[in-house]
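Peer 1: Chains as they are written, first to last, in our numbering: chain A, 2 to 504; chain B, 37 to 369; chain C, 2 to 325; chain D, 34 to 335.
Quick caveat, the hints were computed from the structure, so don't treat them as lab data.
Note that the Cβ used here is the ideal one computed from N, Cα and C, for glycine as well.
There may be inaccurate statements among the hints.
Distance condition first, Cα-Cα at most 25 Å in a straight line; then the derived DSS-like pairs of lysine-lysine [unchecked claim]:
1) Lys342/A to Lys316/C
2) Lys119/C to Lys342/A
3) Lys332/D to Lys90/C
4) Lys120/A to Lys164/B
5) Lys255/D to Lys194/D
6) Lys342/A to Lys164/B
7) Lys368/B to Lys112/A
8) Lys332/D to Lys151/C
9) Lys255/D to Lys151/C
10) Lys368/B to Lys119/C
11) Lys306/B to Lys342/A
12) Lys331/A to Lys368/B
13) Lys119/C to Lys306/B
14) Lys164/B to Lys316/C
Computed footprint of chain C on chain D; a stretch qualifies when at least three of its residues, placed anywhere within it, have a C-beta under 8 Å from a C-beta of chain C [to be verified]:
15) 50 to 58
16) 209 to 215
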Amino acid sequence: MTDQTPALRLEGIVKTFPGVRALDGVSFAVMPGEVHALMGENGAGKSTLMKVLGGIHQPNEGQIFIAEEPTVMTSPIEAKSKGVVFIHQELSLADELTVAENIFLGELPRKSFGRVDWKTLYDQTNAILKTLNVGFDARTRVGDLSIANQQMVEIARALTVDPRAVIFDEPTASLTDAEKVVLFEVIADLQSRGVGVIYISHRMEEIFKITDRISVLRDGQYRGTLNTAETNEEEVTQLMIGRTLDLSRSESTHQMGDVALEVRNLSCGDLFEDVSFTVRKGEVVGFYGLVGAGRTEIAETLFGLRDPSSGTIMLDGEEVRINSPADAIKRGISLVPEDRKAQGLILGMNCRDNMTLPQVDDMTAGPFVSDGAEVAIFDQYRDKLDIRTPGWRQLVGNLSGGNQQKIVIGKWLSMHPEVLIVDEPTRGIDVGSKSEIHNLIRELAAQGYAVIVISSEMPEVLHVSDRIVAMFNGRVMREFTAEEVTEDSLIQAISGLETDKVA
Amino acid sequence: MKKETRANLIKQGAIWAFIVVELAFFSIAGEFLSVTETAFMDFDNMLLLLKQSAPIGIIALGMTIIMINGNIDLSVGATFALAAIVLLDSMTWPFMAAIGDWAIPLAWGFALLTGVVLGAINGLIVWKTGVDAFIVTLGSMLGYRGLVFMYNGEQPTSHLNWTLVDFAEAQFLGLHTATWFLLGAALLLWLLMTKTVHGRNAYAIGNNREAAVNAGIRVGPHFLWNFMLIGFLAALSAVVFYSESGSVNPNDGMLYELWAITAVVLGGTKLSGGYGSIISTLGGVIAIQLLRKGLGHIGADTETVNLVIGLILIAVLFLDRQLNRKGREELKT
Amino acid sequence: MAELTKKGVAGFLARQGILVAFVVFMIVFAIANPRFIDIDNIFGVIRSSAILGVMALGVTFVVIGGNLDLSVGSMMSFSTIVVLDLHDKIGPTLGIPVMFAMTMALGAFIGFLVGYLKLNSLIVTLGMLSAIHGLTLTYSGGKNMDIADKEGTWFGIFGQGSIAGVPVPIIMFALLAIVLSIILSRTPFGRKVYAVGGNGIAATFSGIPRARIVFMTYLMSSFCVATAGLIQASRSLGSQNTVGQGMELEVLAAVILGGASLLGGAGTIFKTVIGVLILGFIQNGLLLMGLAFYAQYVVTWIIIILAVWLDIAAKRGRLWSPIA
Amino acid sequence: AFGEAHMDTYTIGITQNNVGVDSYQTTYEQAFIAAAEANDNVEVVVLDAGGDVARQIAQMEDLIQQEVDAIIIWPTNGEAVIPAVRKASQADIPVIVTNSNIAEQGFDFVASFSGPDNITQGSRSAEIMCDRFKELGIEDEAQIVQISGQPGYTTAIERAKGFEDRLPEVCPNVTLMETQPGDWNREKSQQVMEAFLVKYDDIDGVYAGDDNMGVGALNAAKAADRAEGITFVGATNFAVGYEAMAAGEYWGSIYQSPVDDAEAALQTAIDILNGEDVPFLNYFDTPKITQDNMDEFEKPVF
Ligand SMILES: Nc1ncnc2c1ncn2[C@@H]1O[C@H](COP(=O)(O)OP(=O)(O)OP(=O)(O)O)[C@@H](O)[C@H]1O
Ligand SMILES: Nc1ncnc2c1ncn2[C@@H]1O[C@H](COP(=O)(O)OP(=O)(O)OP(=O)(O)O)[C@@H](O)[C@H]1O
Ligand SMILES: [Mg+2]
Ligand SMILES: [Mg+2]
């Protein structure tokens, strides 16, 4: 591999934003036919580096080489024309258009008079979708797809051209296992065609499964490259965060209290039906299921965002009606939503204001908002969650994806809820912070909080939960205790294969 | 798929349903309230309706595209007036007067060119400065109006050419000249928006501009083309209308932008961009004209007309929303 | 964003591009005609801008909350006509609060439609522009409304009086600006307005009653409109039905010139005030230069574009737009 | 009974310029409707073009389509409506132009014009102004400003023209320093006048295109304590103008009644339908009114 010319190479890249030196002289090369992992903590500069490569940002210093030709990437168009395909971390799709139009966005096949060649478009798209083995077709409106399927549409874009290099920026953050398998096949195929693949992810098991080499960034600096075959998780983590992690689960030593939340026969249209479960104080209940299983909708109903069509919700043994999020908050329920960009954050607002938003009414001295109280909260959770930002005045939109997620978590933790619901809490979060968040969830339970964790990552659910509710198609299939659960039985339950539903 | 198609039909059908309601209401109310004998639903009256929809209609078609792009153009009224001035004034220029009726197509050409140039100015500013189209065109709404006044002081610009008037008043296959232009423009633009790459890109840009940029669509030039197109259409509207009337006041076309936008939104196009349809805009235009005509027919006075038009606009919006509700389990945001 | 972190002169310029533009215009006009900076003229301009300005303050809330208000012009006509009518019928002491109540009822109606029913604000307020005009015409029977006894009433103080040499409209404008600025920047309510305008869904997910906040912004806007109507009525003690007509776009221009984003979530009262003053002084300055009104149109166009352009260019750190 | 009554009933359609815009037009509309109601033999269809020429042409077409017996039009643009008027005359519907006339090219298609003579009104205002200056003995040095009506409107243009043409004939040494539009709007006019007052130290007279604007200018001058030395002359005597005259603050205007205007138009239409002979240019008189002779006139109702 070393004697080949690299598919692309970056040398001494420096990129600064006001107040942030996001990249500090990064050099790095990808060989043809190689899957090269790029790792680093949240905010280490991975996405920024890729945006430089993809022509979205201009570097302050440094040089890009494509097949050893010095190149200036002035725009995404140019990057594309030079064979660099970029699958973004944040979805970059037009909701109102069809899958086909999105996949071929910017390069729709043409006939005379600038007409779209629909036949070619749909045929080519369907061919691509077939290789991806997805359950929707070329004419589906993208807005009607689940987030996971939208991610698959993004991935399909890599297959439309004959690229020299493809960048995947956290493609699996919202994919299920089945879809991941398909993605890995796609990557293997690209690899066999001699394409250089850059793969960004915080998931170690994936990295070790599919990549050839791993380059690590830390605080915008290049920390070195390891051969995947010759290294292990500890070494990579050490390089990323400067220490090793203790990933073992702290066994619950605390006593579980009374039932904090009880849900009986709750239904909401055809979103979910006849759902019953309880959560005790001090307990972490994990909700596991395939995308579309209806877990998010249950959370939204508990948080007053949807009206249930039947069933009851009881808090501390008392039946309640929750009409709005304000209601839910008053009753001590918090929800860390699934989609941080759309539901969790106000991107044009600064970090502090975002974090204190639900409790701004209480952050007052007289009729006015008290800066001091707000900053105190922000500082506390910035330290607790290790949020990387130049200061509370930074607009949330300028934070890295993972740090944005931490702001959302901090926002709801600072509310000291009795029932905390977290929906995909570690999507896009680096290993270090992820284990911190897991510890935090355990810690909260130990303090007597009732916690619901919705996650599509089996290791996560297994790791944090005292009990696991398996859902399929809007129904609860089975409940497991931490002791009895096995991966196999869980997979069976969520794929609807198991029929002995718990009463 | 079936379900979606039906949902889509309902979504786009609201405006047509409203038109039917209007027709029924004014026909019945007209029987009691109108002082004249003729029926409201008279065929000739419906033909007139189409013709009278043309001036704002042609502009609204262009506005649909601009709004699908996620932009807006507030300067179309002024562009309309300036193109009209060029149309009428150019026919009095000595060399034009010398070539007889050949002056007519030439004058049309000048007027349309004016529209394209004014649109291009807006488009270039939006593209190159990155200032929001709302502000750019709010500015040029004033600026172009200033040019209108500069051209001929406060005087109207007039040139009555009876050949031209006869052409504009003509009816072919029953439809007036203006109607032909309206329907022709609608057809072409419908093809543009549904069948061509440019049209599909327009939706993509309005829907998610960043995604479009990332996908390599050249958003700036795209905007420029569309602003030139709406400039052209505003001028076309002026050409069609002033060929018949032969005189333009410097105030003409004021508030047209607001009416055009109203028609577009009534037709269901999203103000935020990315969604909309040419055909539904046509429905929006007809609905407004029908309302005006109908209120006149039943003898409503000025204050009532103002009151009713305003409230109806809101009512249609309300209805449209009710029709598009997903049901009780919808997320309450 | 750049302006938040840059320090020193450059940072200040980037933050306050509009203010700088304002100062530059003032200097240019002052050189062109020294009478421009005559204290009487300055007071005169601010006084006549006060009506536009007071409305712009309210609309700033609406715009930051992510909506538009095109009905303020015709609503102002309504308040003016109503208060003049009530002045003679039930006297000013009672008439003023009744007029405020009536105007704010209209604001509440709009707020209900946009906030609770979530109807598109552009169309709702466009519809209300027309509907309120009809209402005004019905109310007045289309006639001019004039106070019968112009000499014997104290009602003129809001528009014509002055305290310690400062005209009352200016004092009212300034007071309202200060109070509203504090509400917007320092209170939980203000924060919620920014949140709702910045991302309504995320605001809802944070437990903020979005509908109520939007409703409140319209209520505040109508309060400001009523105040503007009061100043207007008091200023001339009589009025036409069309007095505020067309002002909605001017108001919006001022708000946007001040840098409020049409998408919501950004803007400040201070900048709106600057926007108002820029419009007022441009008009006055050009008038003093003796330019024909249509030349004023063209110059205003150029100035608006330049001011906004330079403002955003300073923010993004480059003159030309990065869009391809 | 319905059918029989109909035989001698005329249906007359009117399309007005812009009713909501000022009280003159509103009063006109009300007077017109009142006059029609008082007459058992006419039914009227009253439409308002809202100042938009396209809407007015559409209304003409609608009236033709509805087969009314006669059409009265208050043109939004004296030339643009000519083809529409031609269409009416081709459909054998007599057209009566009211308030401001259409251009000469259209005279062939029009039965009659009924209304004031705006050019004469402008000249008369110039005469009022000049006479006053002569009284004050400043006819050789007086400096005046003009606030004209909404740019582009025939009435505004004609009044300004009449004034500007006549003034140098009667008072050749009076200088008209500047003209700015006040858009028929009291408030706008007040702003314009404020700027004039800053700009010019010496203003002896203000001519405003109507009394609404004249009073706006007066308000500005009063606020600046300079009203005393200024002669205000307007046109279309509104109630505000009349009151200001009575208060001795406003000098003169042109008396023009919308009621006369409306009644004259309706009568002209009826006369034509009855086959009577009517003069083609049916001006009604609009006399000068000043502080000196205002007792002879009733206070305007609008
Ligand atoms: N447009 C911007 N303006 C200011 N700062 C920015 C901007 N974009 C990125 N940054 C900063 O640059 C740093 C690197 O961000 P980047 O998005 O590259 O991180 P990342 O490694 O992709 O993290 P994650 O794993 O969370 O996605 C962060 O500190 C971020 O706040
Ligand atoms: N293939 C699909 N086609 C159309 N709509 C889908 C599809 N998959 C999911 N959806 C819908 O999209 C919405 C959001 O999907 P999402 O992936 O968030 O599922 P979800 O219901 O939140 O499931 P969970 O949280 O259990 O993964 C849901 O309303 C879901 O019903
Ligand atoms: Mg990233
Ligand atoms: Mg989910």
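Peer 1: Lys332/D and Lys151/C were given as a pair; does the straight-line alpha-carbon distance stay at or below 25 Å?
Peer 2: Holds, at about 17 Å.
Peer 1: Does the alpha-carbon distance linking Lys342/A and Lys316/C stay inside the 25 Å limit?
Peer 2: holds (23 Å)
Peer 1: Can you tell me if the region 50 to 58 of chain D counts as covered by chain C, using C-beta to C-beta distances under 8 Å and a minimum of three residues?
Peer 2: Three-residue rule met by the region 50 to 58 of chain D, so holds; n is 6.
Peer 1: Quick one, are Lys368/B and Lys112/A close enough, alpha carbons at most 25 Å?
Peer 2: violated (44 Å)
Peer 1: Has the given pair, Lys306/B with Lys342/A, been kept, meaning a C-alpha gap of at most 25 Å?
Peer 2: Given pair Lys306/B, Lys342/A holds - Cα atoms ~21 Å apart, limit 25 Å.
Peer 1: Sort out whether Lys316/C lies within 25 Å of Lys164/B, counting only the CA atoms.
Peer 2: Between Lys164/B and Lys316/C the Cα gap is close to 16 Å, so the pair holds against 25 Å.
Peer 1: Take a quick look at whether Lys332/D and Lys90/C sit within 25 Å of each other, Cα to Cα.
Peer 2: Given that 25 Å is the threshold and the Cα spacing comes to 21 Å, the pair holds.
Peer 1: With the threshold set at 25 Å, check whether the alpha-carbon distance from Lys255/D to Lys194/D stays at or below it.
Peer 2: violated (28 Å)
Peer 1: Three residues or more, CB to CB closer than 8 Å: is that satisfied between the region 209 to 215 of chain D and chain C?
Peer 2: Three-residue rule met by the region 209 to 215 of chain D, so holds; n is 3.
Peer 1: Below or equal to 25 Å on CA atoms is what counts here, so check Lys368/B against Lys119/C.
Peer 2: holds (11 Å)
Peer 1: Check the hint pairing Lys120/A with Lys164/B against an upper bound of 25 Å on the C-alpha distance.
Peer 2: Since the Cα atoms of Lys120/A and Lys164/B sit roughly 36 Å apart, the hinted pair is violated (cutoff 25 Å).
Peer 1: Could you grab the alpha-carbon distance between Lys331/A and Lys368/B and see if it respects the 25 Å cut-off?
Peer 2: Answer holds: Lys331/A to Lys368/B is near 18 Å, not above 25 Å.
When each numbered hint is compared with the structure, violations occur for hints 4, 5, 6 and 7.
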